[in-house]
Amino acid sequence: SQTIHQWPATLVQPVGSPLSLECTVEGTSNPNLYWYRQAAGRGLQLLFYSVGIGQISSEVPQNLSASRPQDRQFILSSKKLLLSDSGFYLCAWSVWTAGQPQHFGDGTRLSIL
Amino acid sequence: DQQVKQNSPSLSVQEGRISILNCDYTNSMFDYFLWYKKYPAEGPTFLISISSIKDKNEDGRFTVFLNKSAKHLSLHIVPSQPGDSAVYFCAASRNDYKLSFGAGTTVTVRA
Numbered sequence: 001s002q003t004i005h006q007w008p009a010t011l012v013q014p015v016g017s018p019l020s021l022e023c024t025v026e027g028t029s030n031p032n033l034y035w036y037r038q039a040a041g042r043g044l045q046l047l048f049y050s051v052g053i054g055q056i057s058s059e060v061p062q063n064l065s066a067s068r069p070q071d072r073q074f075i076l077s078s079k080k081l082l083l084s085d086s087g088f089y090l091c092a093w094s095v096w097t098a099g100q101p102q103h104f105g106d107g108t109r110l111s112i113l
Numbered sequence: 114d115q116q117v118k119q120n121s122p123s124l125s126v127q128e129g130r131i132s133i134l135n136c137d138y139t140n141s142m143f144d145y146f147l148w149y150k151k152y153p154a155e156g157p158t159f160l161i162s163i164s165s166i167k168d169k170n171e172d173g174r175f176t177v178f179l180n181k182s183a184k185h186l187s188l189h190i191v192p193s194q195p196g197d198s199a200v201y202f203c204a205a206s207r208n209d210y211k212l213s214f215g216a217g218t219t220v221t222v223r224a
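Residue numbers (the working numbering), protein chains in the order written: chain S, 1 to 113; chain D, 114 to 224.
Just so you know, the hints here were simulated from the structure itself, not pulled from any lab data. The beta-carbon is built from N, C-alpha and C at its ideal position, and this holds for glycine as well.
Simulated restraints on C-beta separations:
no.	chain 1	residue 1	chain 2	residue 2	range
1	D	H185	S	G27	31 to 39 angstroms
2	D	K181	S	W7	39 to 47 angstroms
3	D	S187	S	S17	42 to 50 angstroms
4	S	L113	D	E128	40 to 48 angstroms
5	D	P192	S	S65	42 to 50 angstroms
6	D	P192	S	G27	31 to 39 angstroms
7	S	S77	D	G129	47 to 55 angstroms
8	D	V191	S	K79	49 to 57 angstroms
9	S	I53	D	P195	40 to 48 angstroms
10	S	Q62	D	E155	23 to 31 angstroms
11	S	D106	D	A224	25 to 33 angstroms
12	S	Q70	D	A183	40 to 48 angstroms
13	S	S77	D	V191	43 to 51 angstroms
Excised from the complex, chain S in its bound form (with noise of 0.2 angstroms):
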């Protein structure tokens, strides 16, 4: 069965300090992969998507980049934290098949100082 890990599950940084964010899933091969942000009381936005190794798109613009070194990997990343960035993370996965289900790891509560 697939499984997706992400970590840390929380995260306490201070403004101006780095960020790297990661998540592998395990079980599959040729994931889609996504990162989500969860504001207060808000849904889910959509920040990255990947279809594949290398191949990152943005949906919104912001302080945030994402990679994808392996199949199976994908990290959320900044060089400079904003007040503004904190929110709960999530990452997803899903096959390539549109409208199938994306599911979702656990998620990292990251608060910045």
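Given the coordinates of chain S, assemble chain D onto it according to the supplied hints.
Using the frame of chain S, we list chain D on its own:
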């Protein structure tokens, strides 16, 4: 632009009764609709989906209804159980990989 809207932020229902969650969308190009359930400090879990060519899909206690003319879908949970207390998200897709999510409805099942 919020293309998927869940206008009820919360719902309280007695155990054993029916829970009805509603979702409206504005983009007529959406052709897949999904419901997710989320517990605190966890990622959302896929519950049930429906294609735009159908008007009903059932899976155990969960049934999703789609009214394309009204751009409206609903999730029925019968009977409601304490473990159903969670946040429920409606999501929609346009035959591509991306999902647009509503803001969620918090369901509380009372004993």
